[in-house]
Amino acid sequence: MCDSVRQLMEAITKEKGIPFLDVVCYREHKEVLRATVGSADGNEFLYMYSCSKPITVTAVMMLFERGLLSLDDLVEKYIPEYKNLTVIQNGTALPCTVKMTVKHLLTMTGGLDYNLRRGNVKEIIKNNPCAATEDVIKGLVTEPLVFEPGHEFRYSLCHDVLAVIVEKASGVRFSEFVRENIFKPLGMDNSTFDNKPKSAPADIYKCENGTIVKSVGFRPITPCYESGGGGLISTVNDYIKFADMLACDGVSEYGERLLNEKTVAMMRSEQIASISVNNTFTCVQGDDYGYGLGMRTRTKETDWGLPVGEFGWDGAAGSYLLVDPVRKISVVMGMHVLNWPDCFVGEHLNIVKEIYKYL
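Take 1 as the starting number for the sequence shown in the numbering used here and just add one per residue.
The set of hints was computed from the structure by calculation and includes no laboratory data.
Do not take every clue at face value.
Unchecked claim - If you anchor each label on the Cβ, the simulated ranges turn out as follows:
(1) 184 / 28: 16 to 24 angstroms
(2) 339 / 299: 24 to 32 angstroms
(3) 358 / 130: 25 to 33 angstroms
(4) 278 / 168: 27 to 35 angstroms
(5) 118 / 208: 23 to 31 angstroms
(6) 208 / 32: 33 to 41 angstroms
(7) 214 / 93: 38 to 46 angstroms
(8) 357 / 94: 49 to 57 angstroms
(9) 31 / 184: 20 to 28 angstroms
(10) 339 / 14: 13 to 21 angstroms
(11) 89 / 253: 29 to 37 angstroms
(12) 184 / 15: 37 to 45 angstroms
(13) 122 / 28: 43 to 51 angstroms
(14) 299 / 91: 30 to 38 angstroms
What the hints assert, rightly or not - Pairs of lysine to any residue, SDA-like flavour, derived with a Cα cap of 20 angstroms:
(15) 328 / 265
(16) 328 / 301
(17) 357 / 3
(18) 168 / 155
(19) 103 / 168
(20) 103 / 219
(21) 198 / 219
(22) 77 / 66
(23) 198 / 212
(24) 77 / 91
(25) 122 / 142
(26) 328 / 219
(27) 328 / 249
(28) 300 / 316
(29) 300 / 357
(30) 328 / 261
(31) 214 / 328
Don't be surprised by glycine CBs; every beta carbon is placed ideally from N, CA and C.
Construct all of the structure, not just a fragment, from the sequences and the given hints.
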């Protein structure tokens, strides 16, 4: 199996010019495949970008299980500045008729966008170069939302707002909560949200006009800003432990339960079937997927093995998470190429399909 997967990876990376690609597959806590191309060995510190989101969702759902928050809670309960939201309609800012909830954030229906260059954010950073996550998130809503909460799906800063809610509900800094409740139990010693990795991240590249060139990696909004949506620095060897836990209904390889089975099932259940999701969006990966709690979720099985309920996400530099809860299979891919859809779109699933030939 490993040889055929590696051969496919070699062909893809040679054709596309990808500097390195690392793929690992677990089944019920056991590694069943490891294939690397290029300089990768699984220990490279990677900017995981949006592969941060499943971990943030896991933190939220842990607090949900402990009774410290409800998905129906109003965001204003944790961040009072979200009480009197406005929304832009026909060029005019009007009061929102719908209150933003935690579930709106989990399903990317909060009415936010991903614009970090807006004037209010710039002003906050100008006045406080080490503004914390909460400071910036409070300032987001001094400008109108782009739609009423719950009315549309929009890829946005929802998970960064969730990071603040984790802080408020738990009473500790977001990075500390994740470290103590997710990273430590799973043995993810090389993962962090606090912008202070143990080692410098690997060189990062970008696809530019069909050519792979060196680029600049993740830069937090401020040194004190912890992005729940994109701030994770991790390694493939670490992240597969998280993926394996999800594939095994919330239980780690050490037998410790991090999430209840029903909670994992809720995360992968389609939540916004009545709202149009942009299925051409690379993270969603096509018409066979809907959206659960912070992750894509498969709504139609494939003829080669992926079941309904397979779920996961990916990141801006090509990192990738796939969780098959039926067969207890997890797949993680690591690469470091920004704008990867221009040179790699569809290849994650092609590699998964090759893996599934032998499982």
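How the hints compare with the structure:
{"no.": "1", "hint": "184 / 28: 16 to 24 angstroms", "verdict": "holds, 22 angstroms"}
{"no.": "2", "hint": "339 / 299: 24 to 32 angstroms", "verdict": "holds, 28 angstroms"}
{"no.": "3", "hint": "358 / 130: 25 to 33 angstroms", "verdict": "violated, 50 angstroms"}
{"no.": "4", "hint": "278 / 168: 27 to 35 angstroms", "verdict": "holds, 31 angstroms"}
{"no.": "5", "hint": "118 / 208: 23 to 31 angstroms", "verdict": "holds, 26 angstroms"}
{"no.": "6", "hint": "208 / 32: 33 to 41 angstroms", "verdict": "holds, 36 angstroms"}
{"no.": "7", "hint": "214 / 93: 38 to 46 angstroms", "verdict": "holds, 42 angstroms"}
{"no.": "8", "hint": "357 / 94: 49 to 57 angstroms", "verdict": "holds, 55 angstroms"}
{"no.": "9", "hint": "31 / 184: 20 to 28 angstroms", "verdict": "holds, 21 angstroms"}
{"no.": "10", "hint": "339 / 14: 13 to 21 angstroms", "verdict": "holds, 19 angstroms"}
{"no.": "11", "hint": "89 / 253: 29 to 37 angstroms", "verdict": "violated, 51 angstroms"}
{"no.": "12", "hint": "184 / 15: 37 to 45 angstroms", "verdict": "holds, 41 angstroms"}
{"no.": "13", "hint": "122 / 28: 43 to 51 angstroms", "verdict": "holds, 49 angstroms"}
{"no.": "14", "hint": "299 / 91: 30 to 38 angstroms", "verdict": "holds, 37 angstroms"}
{"no.": "15", "hint": "328 / 265", "verdict": "holds, 13 angstroms"}
{"no.": "16", "hint": "328 / 301", "verdict": "holds, 16 angstroms"}
{"no.": "17", "hint": "357 / 3", "verdict": "holds, 12 angstroms"}
{"no.": "18", "hint": "168 / 155", "verdict": "violated, 23 angstroms"}
{"no.": "19", "hint": "103 / 168", "verdict": "holds, 16 angstroms"}
{"no.": "20", "hint": "103 / 219", "verdict": "violated, 28 angstroms"}
{"no.": "21", "hint": "198 / 219", "verdict": "holds, 16 angstroms"}
{"no.": "22", "hint": "77 / 66", "verdict": "holds, 17 angstroms"}
{"no.": "23", "hint": "198 / 212", "verdict": "violated, 27 angstroms"}
{"no.": "24", "hint": "77 / 91", "verdict": "violated, 29 angstroms"}
{"no.": "25", "hint": "122 / 142", "verdict": "holds, 12 angstroms"}
{"no.": "26", "hint": "328 / 219", "verdict": "violated, 35 angstroms"}
{"no.": "27", "hint": "328 / 249", "verdict": "holds, 8 angstroms"}
{"no.": "28", "hint": "300 / 316", "verdict": "violated, 25 angstroms"}
{"no.": "29", "hint": "300 / 357", "verdict": "holds, 19 angstroms"}
{"no.": "30", "hint": "328 / 261", "verdict": "holds, 12 angstroms"}
{"no.": "31", "hint": "214 / 328", "verdict": "violated, 37 angstroms"}
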